[in-house]
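2 protein chains.
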Amino acid sequence: MLKAVVVGAGLAGLAAARQLVADGHEVVVLEARHRVGGRVEGMTLEDGTPLELGGQWIGEGHDRMRALVAELGLTTFRTYNDEGRLTLELLGRRTTMAAHKGAVPTLSPFALADLAQGLRRFERLARRTDLERPWATPDAARLDGQTFETWVRRNLRTRAGRAYFRIACEAVWATETADVSLLHALFYAHSNADLETLLAVDRGAQQDRVVGGSVRIAEAMAAELGERVVLGSPVRRIVQTADGVRVETRAGEVHAADHVIVTLPPTLAGRLEYDPVLPSWRDQLTQRVPAGSVIKAFAVYPEPFWRARGLNGQVASDVGPVKVVFDNSPPTPGPGVLMGFFEGAAARTWARRTPDERRAALVACLVRSFGPDAAEPVGYYERDWMAEEFTRGCYGAHFGPGVWTAYGEALRAPIGRIHWAGAECAPRWNGYMEGAVRSGEDVAREVGR
Amino acid sequence: MLKAVVVGAGLAGLAAARQLVADGHEVVVLEARHRVGGRVEGMTLEDGTPLELGGQWIGEGHDRMRALVAELGLTTFRTYNDEGRLTLELLGRRTTMAAHKGAVPTLSPFALADLAQGLRRFERLARRTDLERPWATPDAARLDGQTFETWVRRNLRTRAGRAYFRIACEAVWATETADVSLLHALFYAHSNADLETLLAVDRGAQQDRVVGGSVRIAEAMAAELGERVVLGSPVRRIVQTADGVRVETRAGEVHAADHVIVTLPPTLAGRLEYDPVLPSWRDQLTQRVPAGSVIKAFAVYPEPFWRARGLNGQVASDVGPVKVVFDNSPPTPGPGVLMGFFEGAAARTWARRTPDERRAALVACLVRSFGPDAAEPVGYYERDWMAEEFTRGCYGAHFGPGVWTAYGEALRAPIGRIHWAGAECAPRWNGYMEGAVRSGEDVAREVGR
Chain E
1 MLKAVVVGAG
11 LAGLAAARQL
21 VADGHEVVVL
31 EARHRVGGRV
41 EGMTLEDGTP
51 LELGGQWIGE
61 GHDRMRALVA
71 ELGLTTFRTY
81 NDEGRLTLEL
91 LGRRTTMAAH
101 KGAVPTLSPF
111 ALADLAQGLR
121 RFERLARRTD
131 LERPWATPDA
141 ARLDGQTFET
151 WVRRNLRTRA
161 GRAYFRIACE
171 AVWATETADV
181 SLLHALFYAH
191 SNADLETLLA
201 VDRGAQQDRV
211 VGGSVRIAEA
221 MAAELGERVV
231 LGSPVRRIVQ
241 TADGVRVETR
251 AGEVHAADHV
261 IVTLPPTLAG
271 RLEYDPVLPS
281 WRDQLTQRVP
291 AGSVIKAFAV
301 YPEPFWRARG
311 LNGQVASDVG
321 PVKVVFDNSP
331 PTPGPGVLMG
341 FFEGAAARTW
351 ARRTPDERRA
361 ALVACLVRSF
371 GPDAAEPVGY
381 YERDWMAEEF
391 TRGCYGAHFG
401 PGVWTAYGEA
411 LRAPIGRIHW
421 AGAECAPRWN
431 GYMEGAVRSG
441 EDVAREVGR
Chain W
1 MLKAVVVGAG
11 LAGLAAARQL
21 VADGHEVVVL
31 EARHRVGGRV
41 EGMTLEDGTP
51 LELGGQWIGE
61 GHDRMRALVA
71 ELGLTTFRTY
81 NDEGRLTLEL
91 LGRRTTMAAH
101 KGAVPTLSPF
111 ALADLAQGLR
121 RFERLARRTD
131 LERPWATPDA
141 ARLDGQTFET
151 WVRRNLRTRA
161 GRAYFRIACE
171 AVWATETADV
181 SLLHALFYAH
191 SNADLETLLA
201 VDRGAQQDRV
211 VGGSVRIAEA
221 MAAELGERVV
231 LGSPVRRIVQ
241 TADGVRVETR
251 AGEVHAADHV
261 IVTLPPTLAG
271 RLEYDPVLPS
281 WRDQLTQRVP
291 AGSVIKAFAV
301 YPEPFWRARG
311 LNGQVASDVG
321 PVKVVFDNSP
331 PTPGPGVLMG
341 FFEGAAARTW
351 ARRTPDERRA
361 ALVACLVRSF
371 GPDAAEPVGY
381 YERDWMAEEF
391 TRGCYGAHFG
401 PGVWTAYGEA
411 LRAPIGRIHW
421 AGAECAPRWN
431 GYMEGAVRSG
441 EDVAREVGR
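Top line first, the protein sequences correspond to chains E and W. Its first residue numbered 1, the first sequence is counted upward by one per residue in full-length UniProt numbering. Its first residue numbered 1, the second sequence is counted upward by one per residue in full-length UniProt numbering.
Looking at chain E on its own, in the form it has when it is part of the complex:
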């Protein structure tokens, strides 16, 4: 008899399975897709250049990821950052500025003071959140009773100050300030050190990348697990009996085990069939934790031409539709890759247009920041994560108002022999690859006891 069936071969599922095997247990990992990695995905250009279509960064403090990368024989390199200046488009003005943590845009003294005070207030509240039990945070009902947007309107007085927080929200959650509970924004910032760290490259959440692409982590774990990982097997139904679980795939295969670890994002976990049906507090939670909205797009050039001009390839913009751009070139000499996100409202709008239209929109944004040399990329690639049947939105799930306080306890609590893992379940580094791996390993240790 298997110790566990693991549903999903993303980082959480692979890490859970690997931990269980290390502890001497037998497992099967059922993956809906014909590849591993989940929200981490790779592709390779004709010349061998790897592109990362999904999650890619290892940030400062992501210690488990660093150790795992080393265990798997992989290496990291720095995101291209402080070698050049970043481009800022704010309130109709385009400027460049030095790229280092804590850098603030060139603004009027009034806007600067407003932004500084807003950040201070936000961080002060964020530090008070209870990471294990956000609903037990002091004053949780009031914090969870309002949107992040309400807080921004109340606490920022200048257009620039408000724009900063709204761009930050799109960059971090791929959704709008209207959609997110203030308590969730605070919890999430605290879970990932603080808002500044979330937005930063050096000493921040975007600090490092994996040589060869982040998908190598998933592939290396899957290689260790060998035939335990079954691809192309979407799970449809989970049956609990007195002495175990039975996990049924859409193709009609049945896997019996002592436990099942479901690593799908909450909204997808809620779409499986369960017998007996899940209790209402768990089911109603999964009705209320939607995924963000993002399309990740790439323009490839013969070389990273912007570097020679003292630019680091990064853009932060309130114009859009692509508001965040990074130099995503490989660490070795080769093509120049600019990567941009359609996030939140922009993603929802542009998902209804054609790839050609999105290509043109990305290129137009890049030309504004990098000049006419950006006008003719040799390649365009994209991944609309909302359209993926087995993801249905990225970067991760967010909690709207009222949800943490009413349903938070149901996020990780097992239902009999059903356990929940994934980036959304992590108290620390929630939403990141780091959180996913920690969550998978934590649950595996519980199950393996």
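Treat the hints as calculated values from the structure; they're not laboratory data. Given the structure is predicted, the values throughout are model-derived calculations rather than measurements. Backbone N, C-alpha and C define an ideal beta-carbon position, used for all residues, glycine too. Keep in mind that the hints are not guaranteed to be accurate.
Among chain E residues calculated to face chain W with C-beta under 10 Å, some are [claimed, not checked]: (1) Leu91; (2) Val277; (3) Ala291; (4) Ala406.
Keeping the supplied structure of chain E fixed, place chain W upon it in accordance with the hints.
Just chain W, lined up with the frame of chain E:
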């Protein structure tokens, strides 16, 4: 070939099928349960008394329901109301007051003025909402960017005024003010005339009941449809091809048709499998429109003893856990039935306890209002709508902040040959039996063209 497969034999599905058949088309209605009615459900006590476990009221202005009831040979009667006084528990004080539309609680002049001004402000905003396209309401982004709770805190100054709106929110949406977008609260009130009408009995949304129970409406429609209604057939998968749809049940039956009309609440519609998969704007909508939280509970007594004491059996309370009570006795001489709702936070908490504990909680609430005669009901019955696999929450779905403005268009827009109907889809009388029937008939006329 069938004109349409209708998914769900609730009022919307039955009304859609009936309309199509009336227009000369052939249909099949697939119902997951072994009964018709969906969120409308009946049961019969040993002495023949009907209980209504789900939706039951026909309000003022519900003209389609009135006509339908007549077409089906059924009759209505008035909810027991102005023959007695209702009981109010507010801020630790219990009083009784006359029961008529527009009645306001006995409060301090300051609280009364506060409440009156709050209601006036709310109704003024509500009247401006665009019922067909709530996202096109003037100032929609600002209204949808905040919770109803934020609005209540800003616009009501007194504890009594705030308590009134919070109880109203629980009574109307079975959820808390933190959970609902202000724009949704406004839209919904306007869709149902106004907030006062939503809360009222005479000349309000709770005005009339159906003799024999509301389920008779569903049963009579199903009887007309005969073998076209297939019970015990949960739909699992919808396949669209070039020339039609194929609807597959969990048992593996396949029904082919020109169209499919899905009448499930949005969150459940989102859990079906679709081939090709649904576009992201539709899928992400269904991740964001959760069902409310309610347990409907009944205490049955040998007679409606409260009537002789000049009480109409109604309670509105900020104490709880049962905050709203009605005299739900049948119109003929017989037992006395008091019906109470565990709503919102109370429903979520009390769902985790036993039926005996909920019975004791309901009885304790009734004893406070109706004295020791309420202490020993001869029967207790309940329906936890959150626990129902094929409903997963009542009264209906609500929109949190940001959802109407980002995803509203996806609520009714067909996806190829897939059409959406149900109480949630109705511009007028949204959330009520009236809205469900109108929505079903409207979609049937579109499909039948």
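ask   = Against which earlier hints does the structure fall short, listed by number upward?
value = Violated: hint 1 alone.
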